[in-house]
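Novice: If you want the building blocks of each chain, they are given just below.
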Amino acid sequence: MKRTIHDFRVYQNDHLSNDYFVLYLDCPEKMPEILPGQFVQALVEHSPATYLRRPFSVYHVDEQLNRMALMIKVAGIGTAALMKLSAGDTLNLIYPLGNSFEMPEGDHALLIGGGVGIAPMYMLAKRLHDLGKKVDVLIGGRTSKDIIEPNLYREFGNVHITTDDGSLGEKGMVTQHSLFSGENLPFSKIYACGPDPMMRAVSNLAKSKGIDCEVSLENLMACGIGACLCCIVETNEGNKTSCVEGPVFNTRDLKAWQ
Amino acid sequence: MKRTIHDFRVYQNDHLSNDYFVLYLDCPEKMPEILPGQFVQALVEHSPATYLRRPFSVYHVDEQLNRMALMIKVAGIGTAALMKLSAGDTLNLIYPLGNSFEMPEGDHALLIGGGVGIAPMYMLAKRLHDLGKKVDVLIGGRTSKDIIEPNLYREFGNVHITTDDGSLGEKGMVTQHSLFSGENLPFSKIYACGPDPMMRAVSNLAKSKGIDCEVSLENLMACGIGACLCCIVETNEGNKTSCVEGPVFNTRDLKAWQ
Amino acid sequence: MSDSIIKPDLSVKVHNLNLKNPVMTASGTFGYGPEFEDFMDVNLLGGILTKACTSKNRDGNRYPRMAETPMGMLNSVGLQNKGVDYFIQNIYPKIKDYTTEVIVNVSDSTVEGYMEVAEKLLPLEKISGIELNISCPNVKEGGMAFGTSCPMAASVTKAVREVYSKTLIVKLSPNVTNIAEIARAVEDEGADSVSLINTLLGMAIDIEKRKPMLSTITGGLSGPAVKPVALRMVWPVANAVKIPVIGMGGISNASDAIEFLLAGATAIQVGTANFIDPAVCVKIIDGIEDYLIRHKFSSVNDIIGKLNIQ
Amino acid sequence: MSDSIIKPDLSVKVHNLNLKNPVMTASGTFGYGPEFEDFMDVNLLGGILTKACTSKNRDGNRYPRMAETPMGMLNSVGLQNKGVDYFIQNIYPKIKDYTTEVIVNVSDSTVEGYMEVAEKLLPLEKISGIELNISCPNVKEGGMAFGTSCPMAASVTKAVREVYSKTLIVKLSPNVTNIAEIARAVEDEGADSVSLINTLLGMAIDIEKRKPMLSTITGGLSGPAVKPVALRMVWPVANAVKIPVIGMGGISNASDAIEFLLAGATAIQVGTANFIDPAVCVKIIDGIEDYLIRHKFSSVNDIIGKLNIQ
Ligand SMILES: Cc1cc2nc3c(=O)[nH]c(=O)nc-3n(C[C@H](O)[C@H](O)[C@H](O)COP(=O)(O)OP(=O)(O)OC[C@H]3O[C@@H](n4cnc5c(N)ncnc54)[C@H](O)[C@@H]3O)c2cc1C
Ligand SMILES: Cc1cc2nc3c(=O)[nH]c(=O)nc-3n(C[C@H](O)[C@H](O)[C@H](O)COP(=O)(O)OP(=O)(O)OC[C@H]3O[C@@H](n4cnc5c(N)ncnc54)[C@H](O)[C@@H]3O)c2cc1C
Ligand SMILES: Cc1cc2nc3c(=O)[nH]c(=O)nc-3n(C[C@H](O)[C@H](O)[C@H](O)COP(=O)(O)O)c2cc1C
Ligand SMILES: Cc1cc2nc3c(=O)[nH]c(=O)nc-3n(C[C@H](O)[C@H](O)[C@H](O)COP(=O)(O)O)c2cc1C
Ligand code: FES
Ligand code: FES
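Protein chains in written order, with the numbering used here: chain A, 536 to 793; chain B, 536 to 793; chain C, -14 to 295; chain D, -14 to 295.
Quick caveat, the hints were computed from the structure, so don't treat them as lab data. Be a bit skeptical, because a hint or two may be false.
[Unchecked claim] Stretches of chain B that chain C covers, calculated by requiring three or more beta carbons in the stretch to come under 8 Å of a beta carbon on chain C:
id: 1; segment: 537 to 544
id: 2; segment: 553 to 567
id: 3; segment: 629 to 636
id: 4; segment: 768 to 777
Virtual Cβ for every residue (Gly too), placed ideally from N, Cα, C.
All chains should be built: construct the whole structure from the sequences, respecting the hints.
Specialist: Below you can see the structure in the form of structure tokens.
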């Protein structure tokens, strides 16, 4: 799959809250195919403290209109600068990068997103739904403010929510959700993206239940294209780059996660 | 005179051409008194390549409305960034900095500005006019595009123009203007600001005619407040800082100009 | 709960100097203090390091003396100052009533010159210490040469130590293979503290004129660009010597300052950042206090050298 | 008039290497070439320096291996690669038909290791030269140690020279007091060219966790921040040796590249900038050509070393 560089044009910047926003972007040329789980490397211009590009999962893609969207949480200086973009501004992206989620063997998948980790799950839910799979989506966050656009997923399947403070959905962490209370879970595959401890907890839970589990890692990246070897993950087959051989890994391959 | 730092608010940015613009700025607090020839140190935000502040002469001051204006020519990356400011944006200034033009003994002054070197001359012309002095203004530039807002000066006195290509006013350099053709010139003082070679030519001409001459230098500056000693000028009394002891110097004091 | 409203103790001790807080200004970037009085109460500072003081008047290098670089600047001022006698007669009276510590940065091209300045400064009551600049890259003779070899650094420290009984800080050059070695050499000769880093040697070229940007061809690099280099030098030096270390190089905000404290600096100096925001030091002091409160430390000494390397 | 439309000659010669133009990619920032084929025709380059190649497989350092700094980055990748045999069997076939020069960056922890890699690479037809990395700050043994003392730099150069008859470039460390001295030492032992600078040692701290940002505590600083330091090292080295000098450190555009050429570099390498814009090298080549046309030079050789210092 050929990666490319384009100057996208921001046509909308939805500020969902003080922390979360969705950038809607127009591509000047035909976008290449983008798979669920792939990401972009965005150039933050006019920001003296952000020299390197910033990686973001692709949130939505509209192939007809040649558009894409990124869902971003303000984490520091680069994301704060991106939050200020407005319609007409330009955003330079290298994309599509990385591997993608593998389609499951079975017919029922659970997608778990923690906070902004939900970003890559929209395309995945859509793809699974299109393939005729049954989909459940579980979104976790610290408070109700961290549960972003949950209703979007309802067209693909059931949506479940947990918050640490109980302000929305069930109180507790995603792994404490009542979905997991039974002995035999209906899911043939679990996909997760979010903070590291959450993904590890999900991975352990999946393992204990004998369910295949893929996670999308958010390792620090410099190049995003396999050149710098900064973003490595220790796997059973040695170090792998999370930008080319990831960001999606099956947790059974992750050495430090066993 | 106490120097201060304020976040000014841009209320207008007049793009006079592709190269020249005037930033109109509102001060949130009462501005201190600003004298003709003084300058500001402007912080260029969101520009990775401009770490240091940029010095600009004060062009206009409106004490009643607590406003000031800067006239800027795009010279590089910092001025290009400032050109993009629009109403509502903030510009942080340290000001007022430097000395100021000395009022003349006699009653007829010639003010010479080369290109954007005209910027400090507006306040000077106004001040001289208010003091009842006779004022002539001579503006030079490469082409008519470098002659900025010449009509503004007409309320204070006669305006003369030269351009290198003859596209406006007399053809040639400022020192070749017909004003200087007579034996005895009527001016008791000449003030000049512009490119170094122009100021030196003016200084030589003034000297040959026995006229007192002050110039406003544009030395490279780091601090603008006398702390770094980067902006020095060799004078007959040793090195002086052009940010505190200048930017205005009487050319008889400039060692390398004799 | 109540302890969270008690202000943390910011004071630190650098040998005999009792600093109100660890934030000082770096030599050559703050004049002598008065230059900044319009922008802040300089007595809030931990200390002020003056512009370099030499035995005789020096004109410094020719213009141009500076060039901007990515997140930094080059300078080749070259110790311009009117000499120690002028300092004592004309500048000292203006700063002798400061309630912050004033430390004079001492430079010269010969060991005798350094000694002369130190001896003349010794009687000044307000000046409780000097910073020996053996690391200035911007003078032809002496200057950095003293700071780039152990024997030379040791000999100038020894000579000045013999004539100067108050706090003696030696300022090290980063333009060396092994800075910890030089720190140990000056410690052995009786330095009470080391400060680092002075500027990194650097260069910039005007490609249109095909000429160096500085009259001296090369100059000293400072500003945020050098911070990672400065920090990796402060850390091994703090581990190599027993005397207190004063860290600097690119510090622009409280977070930068805290990095140096964690790496082992007892105090820090702010240089080039004063040019961008002349009131930055006060903001750094406040920011360190906020950090200590947020992390529930009662004293800044609780974080000095507390980098966790497992 | 007509000469202004004749394209200037961009080719340069580095010992036996005939480069189409002076723009090469720096080791460790460009993989082996294929990683960038999506973004440009890599055969437009003057040359490609591969990721470091060692005698045995190396996993490199633990994650995290990078931190962003003001206009730069720190890395502590630590020579991760699958070893010279894997290179020959699996990577060489993919790049052997490139029409640009491919130079392998050779690293190891022992002199014998360096020799082994060099000997194994010698028969590869496409590889007309190697770059001896005696300056990697990111390995515990060997690496930079070889590059920080004249005798060690000389001995590894000498040993490799004995077994390697093609173009031998030695890559120097900037973390030294006197880089020209080391350049002369390796020239004396038969190096055909020197390249500089490798990364500056640096460090960064996460103040919230009070931990170093890198698993290795310190790492190598690169990017625009180091450009002034790199330039001031290339300039004296170019004046100290007769062999061609390859300059690098922070080059991000044609203007930066031209600064290095004027300072005396016969060719340049682009490193970290490839991460920001994977097609930057082609833009730099075009920009150099534009500059030569604008200033009416018929060959890039007309500007090499042509800094005017009066
Ligand atoms: C493959 C991938 C996909 C991602 N998808 C999304 C997404 O869809 N939406 C979203 O909001 N965020 C996503 N992230 C995280 C996002 O890249 C970081 O939040 C962002 O780079 C922080 O930049 P900053 O300048 O705001 O923060 P900084 O000021 O640089 O740092 C703030 C915090 O962010 C972390 N961080 C900094 N740089 C990176 C980096 N390059 N990669 C990861 N973390 C970093 C730092 O460790 C620090 O804790 C993704 C990361 C990866 C690797
Ligand atoms: C006291 C004083 C008053 C000035 N008044 C005005 C004014 O009213 N209007 C105006 O348009 N310009 C004025 N200038 C010049 C203005 O400061 C520079 O054009 C500006 O700093 C260039 O910034 P840049 O980032 O666009 O250029 P850069 O990309 O940094 O450089 C482009 C060119 O500008 C020159 N330059 C860069 N920095 C400075 C600096 N700090 N001082 C002087 N020249 C510099 C460089 O030598 C270079 O040739 C004044 C300068 C001084 C010292
Ligand atoms: C313009 C300028 C002048 C300086 N003059 C001196 C000096 O006289 N003596 C000295 O020891 N250091 C001098 N320095 C070095 C600073 O004190 C400091 O060591 C260095 O700039 C690194 O800190 P920074 O990055 O915070 O500026 C000077 C630095 C600058 C930028
Ligand atoms: C991620 C990364 C990996 C590197 N790996 C190597 C290497 O394997 N061998 C080597 O000689 N230099 C290595 N370097 C150093 C570069 O080749 C170059 O010398 C340095 O980065 C300075 O150039 P730059 O500022 O253009 O990046 C590496 C640099 C980076 C940023
Ligand atoms: S980010 Fe460079 S290899 Fe993955
Ligand atoms: S600009 Fe610093 S002293 Fe004038």
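Novice: What are the numbers of the hints the structure violates, in ascending order?
Specialist: 2, 3
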